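> All chains should be modelled from the sequences, with the hints used to inform the complete structure.
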Amino acid sequence: MNGPFIIFALLNVGFVLLISPLFMSLIKKVKARAQGRCGPGLFQTYYTIAKLLRKETVYSSASSWVMRVTPYVCLSMAVVAALFVPLLYVPEPVAGIGNVILFLYLLGIARFFMALSGLDAGSAFGGIGSSREMSLAAVIEPTSIVVLAALAVVARSLNFLEIARDSAGMLFPVSATMILIGVSLFIILIVETGRIPVDNPETHLELTMVHEAMVLEQSGRNLAMIEYAGAIKQTLLIAILVLVLMPFGLVTELSVAGVLFAMALFVVKGSVISVIIGLFESSMAKMRLFSLPNLFIIAFFFSVLTIFIEVFA
Amino acid sequence: MIGVILYLLFAGLFALLLGTVLPLLIRREDKPVRTVSLIATALGSAFLAVAALPVLFSATTVSATLWHLLPGIDFTVVLDRLSSLFLLILGVVGLADAIYSFGYVEHGGHPMRRNLLVSLMNLFLLSMGMVVLAGNMVQFLVFWEMMAVSSLFLVLYDFESEGIGRAGLFYAVMTQLSTVFLFIGFILLYGETGTFALVPASPLASPGALAAFLCLFLGFSVKAGVIPFHKWLPYAHPASPSNISALMSGVMLKVAVYGLVRAVLDIFALDFTSGAVILLFGITSAILGIIYAYKETDIKGLLAYSSIENIGIIFSGIGLAVIFSDLGMPELSTLSLLAALFHSFNHALFKSLLFMTAGSVVAATHTRNMEEMGGLVHRMPFTAGLFCTGAIAIAAFPPLNGFVGELMLFESLFFGLQVVDPLTKVLLIFALSLFALTGALAAACFVKAFGITFLAHPRSDRAVHAEEACRSMLIGPAILAFLCIATGIGSFQIFSALGYDLPLPDMLVVGMLIVVTLGAVVLVVRATASRETRVTETWGCGLLSQNGRMEYTGTGYSEPVVTIFSSIYRTEKKIDRTWLDPDRAIVAGTRAGISLIKFFEEYLYLPVARGTLAVSSLVQIFHAGTLDTYILYIFVSIVILVLGVGWFI
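Heads up: the sequence lines are chains Z and F, in that order.
Read in our numbering, the first sequence has 128 at position 128, and its numbers run on one by one without any break.
Read in our numbering, the second sequence has 1608 at position 608, and its numbers run on one by one without any break.
Mixed in with the good hints, there may be bad ones.
Unchecked claim - Only pairs whose alpha carbons sit at most 35 Å apart, straight line, appear in this in silico DSBU-like list of lysine-lysine:
no., chain 1, residue 1, chain 2, residue 2
1, F, K1573, F, K1598
2, F, K1574, F, K1598
3, Z, K286, F, K1574
4, F, K1573, Z, K286
5, Z, K51, Z, K286
6, Z, K29, Z, K286
In case anyone wonders, no lab produced these hints; they're calculated from the structure.
Since we're looking at a predicted model, the values are computed, not measured.
The structure is reproduced here in structure tokens:
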């Protein structure tokens, strides 16, 4: 652990923690506007998390340590994962931090514990959500890995930090195939954050009983942690998309002005993607659970195509 | 140094021999006999593990010739780097299993039969150790057969129970099939080299050698449980006592892997096609293994199918190593071979851990059906914690060891994609996507295994009355759980010490980051959030009380995946309705059912079995049952043999 890396760690994690709830509310706002409503304020998610932290936590009498540990694991894994995707400043990678597969599996631990906590309270809702979440995660996984493989093939690196170092300072994506990867990454972003047409983050009705049903038994500070972890995960996935499609603005040399500029730029870039997500959600209907694999196949196809284009180019 | 290693090696083997003989000689029913024998098992295994470690890390070769059996056949013990890894696996799992068995063996069965169990367990370990240490083909085959027979008796331990006889029969046939293939393979190999030594002077690549390799590959595949030769595994593993399941899955399958790796590395010089064949068998086993495991509700059956998946991953690593070395990429070849070997070690640790803890659960609830468990996390907290550690390791989450093995395989595929030609690229993408699916399904599968077995309300009275396992049944698995964490976190350092510089993330740093972050999150939440906590009943949509009947079941849990992959499961949903009126307006009654076709059993095993039966009924004509006819047969055969041999010579 050298100096610049520690600064990177604090800067990146701090910034992710600060900004994540903003994108959450922004997407809600866009969706509300698209439906002709006014929508919540941009700081609503911050207020919600603060409110939940002050509330009492209710546990089911059937639940065990799994329920109590899960929120801490989820938030910690999200925070550790925040070290893997550079938002502002890119240091030299240390000890393999930034490895794309490790990143994916860190998010996997959080999902694993959340799925267990869904079963822990003994309610059928949690079971349904847990079962569906794990099934969808299983079906999307080949796509995620092949997309990452395509990214690794194009960028000739397995490490987000190295990929970012190569592309930092460029105005456009490193290669045209990155746009194809961008499409696949966008679909993964939609699936991983549980948005329409895969799931609906606003409800936990029967039709959309995936993620929200799984965390139905969580309350108070635990729910706050899980919501926060979800927001961080979304920001990180947005950041990867930004890294691929709009790499300009990342700094490789530390300077106060540069970092501040990168912050402002990331807020703008992240907002653009959030607006696109909001509009995308508003223009789609929820798909049937069992027709979802078709959606994943599209992303899979694009990434396989990317790998082949790279071979013949 | 070499003297000390040999001394330890023979001390270990002798202790296991002692453990085998003792309970048979002292025919007493009380516990001390078994205790002494199990102490011998534990010590023997520990000695073998300690002997293996210096060889593994210094890459020296230790060998000793004990007797000259026949001209050209010596009784030789050889311990090199490859065999030391598998001896280490045997030693570690054997030690943990011996400790576990102190408590487990006393769980039923007549005392004399328990003595036999302990004795056979020692014999099983001893024969597996001797296979790994074998210096020539004859030794290899003899101990291979001893391993097969001792494990067959262990599978039949509880032979009065329903289904055990069938499991034993299935296992007997399959394990003999494996030996037959090995036998033919070794004879062909002898024809090529003219020596019984296991490792020829230089790797062979002739067409004859390819035929020998094919036979050996089939033999090892049957023993390792590679699909489509896997069917004995889900029969034999649940049938045998859990301490034996742990050994079978943890060690015996690895002995088959050892055979294959030895063949691939030292005996044959294989080309791309052979590598692709191994890879395809591996991927098929990996994906189908986990898909079948996910559907299981028998907890030991689930673990057995998951073993097939892991063997598939190991075989794929071996196949990739062959492919990459044929393509002239030695670094990637080493990376995938190390992935396969490290995963063998890891799988031995966490699968034995899971089988032991599952065995404790079965001993406490007297059922293997997960649908009758539930709520055990409150009744068996330590067992639950150990099972959970095993589940996290096998679901390949960082920083535990399972993750590192899979990461190495993923990395070799990722790097491979950047360099190979388009056709190979198709193969690698295919492998990559199926591995990803396998990995994710494994996570889902073990959420189900842990969640349905241990969490929520008890689903039956059996689960209500379950009690925590005794101390030895916790210490044994705890050793393995600790090693799962330690070898995962120290993976980078371990590979450095072994002399490999791999492009792996330093798990020690990652592990520390996770711990520090977890600590920080706990502190911040404690400082800022409300600490008010209330425990109350789960909200059940207005129902008065929540009970086990309302929970999500294991079958329900796997339903989405079963529907998505219905073409693989061959699920058939049948709905029969009868109507009261001719216009079919009023339903009189409905019958619905879901059936899963046992694909391999119906399309591969049964046709072969029927064919064999048809042939044997032809042979039956010659079996009159009178002694003089048989003497005539023998006479005729001898005459034919003499004439035949005379003709050829």
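> Checking against the hints above, which ones are violated?
none
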